[in-house]
Amino acid sequence: MNNNKFEVLLQNESKKLYNYLLKILRNKEDAEDILQETFIAFHKKMNSVKESSYKSYLFRTAYHKALNLIKKRNAKNKLVTNYQEMEHFEDKQSKNNQQQKELIKDALSQLKPEEALLIELQFYQKMNYKQIAETLETTQSAVDSKLVRAKKKLIKIINEQKKMQENNLSIV
Amino acid sequence: MKQKDECSFEKKLNAYIAGELSEIEYNKVREHISSCHLCQNEIRELQQVDNFLFQYTEEEVPAGLNEKILNSVSQSHTDPFMRKVVSFSIAASVLISFMAGILLSSGLYADSSDSNITIGEDSLYSYFEGDYDV
Numbered sequence: 011m012n013n014n015k016f017e018v019l020l021q022n023e024s025k026k027l028y029n030y031l032l033k034i035l036r037n038k039e040d041a042e043d044i045l046q047e048t049f050i051a052f053h054k055k056m057n058s059v060k061e062s063s064y065k066s067y068l069f070r071t072a073y074h075k076a077l078n079l080i081k082k083r084n085a086k087n088k089l090v091t092n093y094q095e096m097e098h099f100e101d102k103q104s105k106n107n108q109q110q111k112e113l114i115k116d117a118l119s120q121l122k123p124e125e126a127l128l129i130e131l132q133f134y135q136k137m138n139y140k141q142i143a144e145t146l147e148t149t150q151s152a153v154d155s156k157l158v159r160a161k162k163k164l165i166k167i168i169n170e171q172k173k174m175q176e177n178n179l180s181i182v
Numbered sequence: 065m066k067q068k069d070e071c072s073f074e075k076k077l078n079a080y081i082a083g084e085l086s087e088i089e090y091n092k093v094r095e096h097i098s099s100c101h102l103c104q105n106e107i108r109e110l111q112q113v114d115n116f117l118f119q120y121t122e123e124e125v126p127a128g129l130n131e132k133i134l135n136s137v138s139q140s141h142t143d144p145f146m147r148k149v150v151s152f153s154i155a156a157s158v159l160i161s162f163m164a165g166i167l168l169s170s171g172l173y174a175d176s177s178d179s180n181i182t183i184g185e186d187s188l189y190s191y192f193e194g195d196y197d198v
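First to last, the protein sequences are chains A and L.
One gets my numbering by counting positions in the first sequence from 1 and adding 10 to each.
One gets my numbering by counting positions in the second sequence from 1 and adding 64 to each.
Do not rely on the hints blindly, as some may be mistaken.
Simulated pairs of lysine-lysine, PhoX-like, Cα-Cα distance not exceeding 25 Å [said to hold, decoys possible]:
1) A:K140 to A:K60
2) L:K132 to A:K162
3) A:K162 to A:K140
4) A:K156 to L:K76
5) A:K26 to L:K132
6) A:K38 to L:K132
7) A:K25 to A:K54
8) L:K76 to A:K163
9) L:K75 to A:K140
10) A:K163 to A:K75
11) A:K25 to A:K55
12) L:K76 to A:K140
13) A:K54 to L:K132
14) L:K92 to A:K65
15) A:K166 to L:K75
16) L:K92 to A:K156
17) L:K76 to A:K136
18) A:K140 to L:K92
19) A:K55 to L:K132
20) A:K163 to L:K75
21) A:K122 to L:K132
22) L:K75 to A:K136
23) A:K25 to L:K132
24) L:K92 to A:K162
25) L:K132 to A:K15
26) L:K75 to A:K156
27) L:K132 to A:K75
28) L:K75 to A:K162
Treat the hints as calculated values from the structure; they're not laboratory data.
Pulled out of the complex, with its shape left as it was, chain A reads as follows (with noise of 0.2 Å):
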């Protein structure tokens, strides 16, 4: 039975998941191995979760072993690769039609991991406040404060991104 479970919470839940890793990780490798730690841990603990908390679990999962990942990333000084990674995007990004895809990754990656999974779990999870403070396990108030400065810092990312885009038109 917990099998038949395990797979239906798969189909639904992993395409909303990897896109939640790929926005704060900017690595497909790193957030198909998240996506599946994530699965794997989940399955383990499965029969001690309740049925209605199993998207908060995953997502509570998720964002700690991005976490972690991101920590060390970190460590490795990888964030210089990052960068020139970044870089090597905006140079594809006024070729392609991803564009606002990656602005979106880029803006949302400049976030604290816990702000980002705020966003995450607001705009494209649709989980009002009670539901995200039950999966970060906090209040409703902390949500909203938490919210607004993340949404504070992503207006500021926003207006560098159209100086930027501006600069670089101006040039062109």
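Using the hints, position chain L against chain A.
Same frame as chain A, but now just chain L:
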């Protein structure tokens, strides 16, 4: 910029556009916004973020990844009851083999220990007596 902090409604604006306020609060904020330029600007900015984020279109999970996960799960994590059954079976078979070994060896030594040694001794004698060609 200081003026911005003076509006007490600012903190409620995100919850307002997210539909997280009660009906009474929602109506209060809506009424306030209609006459507050600071809040109108703030809402415009917040909605700018929303519009920006909603432009993201989801990517498909790479082909075969879900199947790979299912395979990993079935390999790494068999049913706990079955694991107990398998563990118990292994432990029982080891114990039975051990006991059987003890019983068999004690039985063999009791029945034919002398004759075995005799055969061995005979063979050795024969070898040194030159019955065996080298």
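These are the hints, each one checked on the structure:
The hinted pair formed by K140 of chain A and K60 of chain A meets the criterion: a straight-line CA distance of about 17 Å does not exceed 25 Å. Using a Cα cut-off of 25 Å, the hinted pair K132 of chain L and K162 of chain A is violated, with the two alpha carbons roughly 40 Å apart. Between K162 of chain A and K140 of chain A the alpha-carbon distance is near 22 Å, which keeps this suggested pair within the 25 Å criterion. As the CA atoms of K156 of chain A and K76 of chain L are separated by approximately 13 Å, the hinted pair is consistent with the 25 Å bound.
A C-alpha spacing of about 17 Å is found between K26 of chain A and K132 of chain L, which places the hinted pair at or below 25 Å, so the restraint holds. With a C-alpha separation of about 16 Å, the suggested pairing of K38 of chain A with K132 of chain L holds against the 25 Å cut-off. This hinted pair checks out: K25 of chain A and K54 of chain A have alpha carbons roughly 21 Å apart, not beyond 25 Å. This hinted pair checks out: K76 of chain L and K163 of chain A have alpha carbons roughly 18 Å apart, not beyond 25 Å.
The straight-line distance between the Cα atoms of K75 of chain L and K140 of chain A is roughly 18 Å, inside the 25 Å bound, and the hint therefore holds. For the proposed pair K163 of chain A and K75 of chain A, the alpha carbon gap of about 24 Å is at most 25 Å, so the pair holds. For the given pair, K25 of chain A sits about 21 Å from K55 of chain A by alpha-carbon distance, which is consistent with the 25 Å threshold. Note on K76 of chain L and K140 of chain A: the hinted pairing holds, with a Cα-Cα distance of about 16 Å set against a maximum of 25 Å.
Of the pairs offered as hints, the one joining K54 of chain A and K132 of chain L holds, with about 16 Å between alpha carbons and a cut-off of 25 Å not exceeded. Restraint check for K92 of chain L and K65 of chain A: not satisfied, since their Cα atoms lie roughly 34 Å apart, outside the 25 Å limit. For a cut-off of 25 Å, the pair hint linking K166 of chain A to K75 of chain L stands: about 18 Å separates their Cα positions. Among the hinted pairs, K92 of chain L with K156 of chain A is consistent with the structure: their alpha-carbon atoms are about 23 Å apart, no more than 25 Å.
Annotation: proposed proximity of K76 of chain L to K136 of chain A holds, straight-line Cα distance about 19 Å (limit 25 Å). Proximity of K140 of chain A to K92 of chain L is assessed by CA-CA distance (about 22 Å); at most 25 Å being required, the pair is judged to hold. Among the hinted pairs, K55 of chain A with K132 of chain L is consistent with the structure: their alpha-carbon atoms are about 19 Å apart, no more than 25 Å. For the hint linking K163 of chain A to K75 of chain L, the alpha-carbon distance of about 16 Å falls within 25 Å, and the restraint holds.
Of the supplied pair hints, the one linking K122 of chain A and K132 of chain L is violated, its CA atoms being roughly 30 Å apart against a limit of 25 Å. For a cut-off of 25 Å, the pair hint linking K75 of chain L to K136 of chain A stands: about 21 Å separates their Cα positions. Restraint check for K25 of chain A and K132 of chain L: satisfied, since their Cα atoms lie roughly 14 Å apart, inside the 25 Å limit. About 24 Å separates the Cα atoms of K92 of chain L and K162 of chain A, which keeps this hinted pair within 25 Å; it holds.
Distance hint between K132 of chain L and K15 of chain A is fulfilled; the C-alpha atoms sit about 17 Å from each other, no more than 25 Å. At most 25 Å may separate the alpha-carbon atoms for a hinted pair to count; K75 of chain L and K156 of chain A meet this at roughly 11 Å. As the CA atoms of K132 of chain L and K75 of chain A are separated by approximately 19 Å, the hinted pair is consistent with the 25 Å bound. Simply put, K75 of chain L and K162 of chain A have alpha-carbon atoms about 12 Å apart, close enough for the 25 Å limit, and the pair holds.
In summary, the numbered hints that this structure violates are 2, 14 and 21.
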